[in-house]
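Residues per chain, in single letters:
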Amino acid sequence: MGHGKVYLAPAAHYGDALLDALDGLVSGTFNVQVERMSPKLDLAAAYSTSRHQYSAENLMAQLVNIAPGDGKILAMVDVDIFVPIFTFIFGEAQLGGKAALLSTWRLRPEVYGEAHDKALFMERVFKEAMHELGHAFGLKHCYTPGCVMNFSPTIDHVDEKGFKFCPVCTRGLQSGH
Amino acid sequence: MIDNANVRILVVDDEYSVRTSLSRWFEADGFMVDTAASAEEAMEKLSRADFNIVLLDVKLPGMDGLELNRRIHQVNQDVIVIIMTAYASIDGAVKSLKEGAFDYVCKPIDPENLTHIVRNAIETQQLQKENVRLRASVDSLLSTDFIVGESPQIKRVLEMIGQVAQTDATVMIRGESGTGKELVARAIHANSNRRYGPLVVVNCGAVTDTLLESELFGHEKGAFTGAVGSRKGKLELADKGTVFFDEIGNITEKMQLDLLRVLETKEFSRVGGSRTLKSDFRVVSATNRDLETAVREGSFREDLYFRLAVFTIELPPLRDREGDIPLLANHFLRDFATSSGKEIVDISPEAMKLIEKYPWPGNVRELRNVIERAVVVCKGGRITPDHLSFPFGYRSQEEAEESLEAVERRHIKHVLDKTGWNISKAAQVLGIDRTTLYAKIKKHGIERG
Ligand SMILES: [Zn+2]
Ligand SMILES: [Zn+2]
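Going line by line, the protein sequences match chains A and B.
Heads up: the first sequence runs through residues 87 to 263, numbered per our numbering.
Heads up: the second sequence runs through residues 1002 to 1450, numbered per our numbering.
Okay, chain A solo, but in the shape it has when bound (with noise of 0.2 angstroms):
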């Protein structure tokens, strides 16, 4: 096993078959062990009844304090979340830090109005928890087509995206350890 740590903290119902693979994914990638729990996050401290939304930075308060002192943790949240100048946003991290946030919520096909799809679920989350933890270990965005560090504003950019790091950001990531 590598060196460090992440803890996967899933705060809604996603099911084995996305988080094992999910476990898998992480491990072999960054190289590092895997641990699941569940995180105590008061999500409705975080709502905005202005936004309608959550606050990112609310939870991102709460996660930092909630964080183990041994490795990095990214929580995964079903709930719309923004930060008070954008209208939304996917996920957030601390750039090389220990906590990332991911929210899942316009990862769904429902939310575009289209059909319940799961494999495309599922696909749309592994980029995004792949890029918020790339976030958190020390990588900025990457303009390499196709790498899973390229920045997505949409739903559409993300589907363009792969699931991996490219030569660069890997090369990045082995040196950040």
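Some hints here could point you the wrong way.
Claimed, not checked - Reference excerpt, derived from the structure (chain B facing chain A, CB under 7 angstroms, subset only): (1) Ser1018; (2) Gly1031; (3) Asp1035; (4) Thr1036.
FYI, nobody ran anything at the bench for these hints, they're computed from the structure.
None of these values were measured; they are calculated from a predicted model.
Note that beta-carbon positions come from the ideal geometry of N, C-alpha and C, so glycine has one too.
Mind docking chain B with the ligands on chain A? Use the hints.
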């Protein structure tokens, strides 16, 4: 690809959360970001460092964003300002566009929209910079010594440069020695789509076949005696750029054939090598020989000639450039006076008369040399005939009746005799190169003694 690490963004907003999320957002994209909580703080930061983009909130305590936008554009037209506004105050944002803002975004910002606008902003700025660079290169060209001038002849040359630069066609520049052929080649390259590629100069006049061959095509280790290492040839180095063949009229028949093959295929191999190399280059060449005659006489291949001269630019000799001689003389005077720190105001009418009468066989280069020498001997004030040293006692009176050809012949012979037929020295005095001098000696049938 633009490197975001070279782009500086200033985020101006009084809300702490906006400053932090935007700077984090831009930092994740690799930008350099700074923030300011007020217009005053922003102005302070703008005065200390150059920013490419300012993201500016309309509503600020104290001076508001619209006023700051105005002030920024009074000082610096190059900064790109993107206004952030609430829907309620969109009118102001629209107005700010007329006052120089690049675009505006509504709060809360759609991330896709912001990505788009920022990318647009950077590309626009890049383009502006490129245009400035291009303008500067054309300006500097217009002010370069050899192309200074108002005559219709030189204006025609500039026009031609503009016409051919953007094409990929071969260009043949023809003109006497000292007329500035290499400068024209540089101008063509600088204004072409290949301007970020190399401009490689090959002087065909001064070298033997074997040397030229290895210079052009490169060689492998041990290809000939003295070839200790392998070396890239100039054609290989000119990939994505321009090759300038100076004095192309001087190459031998064997070289003409080699060159023709390369121009047809853009393929070649190094001397002593077997690998076929490819290179993407444009060819500009120059000659002071009358190549048409050479073609007719069979000393220059017709097929090569046509390949090299899709366009032809004729550089007029200085004596044919109506009105340019005094212009150039004054231009050089200013130049040399400034660089030597001498207070020389002008050229006396008598001196100017001599300058205008002289046939200038060495063209602009010779004129430049004469003025330079005049500035050296002049102690200040004005240049008089005493300061002018035309090579070895040129006397305009006697020669006024002679044809140009005769004057040139006599002048060259005179210089040769004075220098004891030291070709290098004579060429230097005449302000022409040795090859040209040889050609002129042959043309005029000048003999020693
Ligand atoms: Zn990201
Ligand atoms: Zn990458």
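- prompt: So which of those numbered hints doesn't the model satisfy?
  reply: Violated hints (numbers, rising): 3, 4; every other hint is consistent with the structure.
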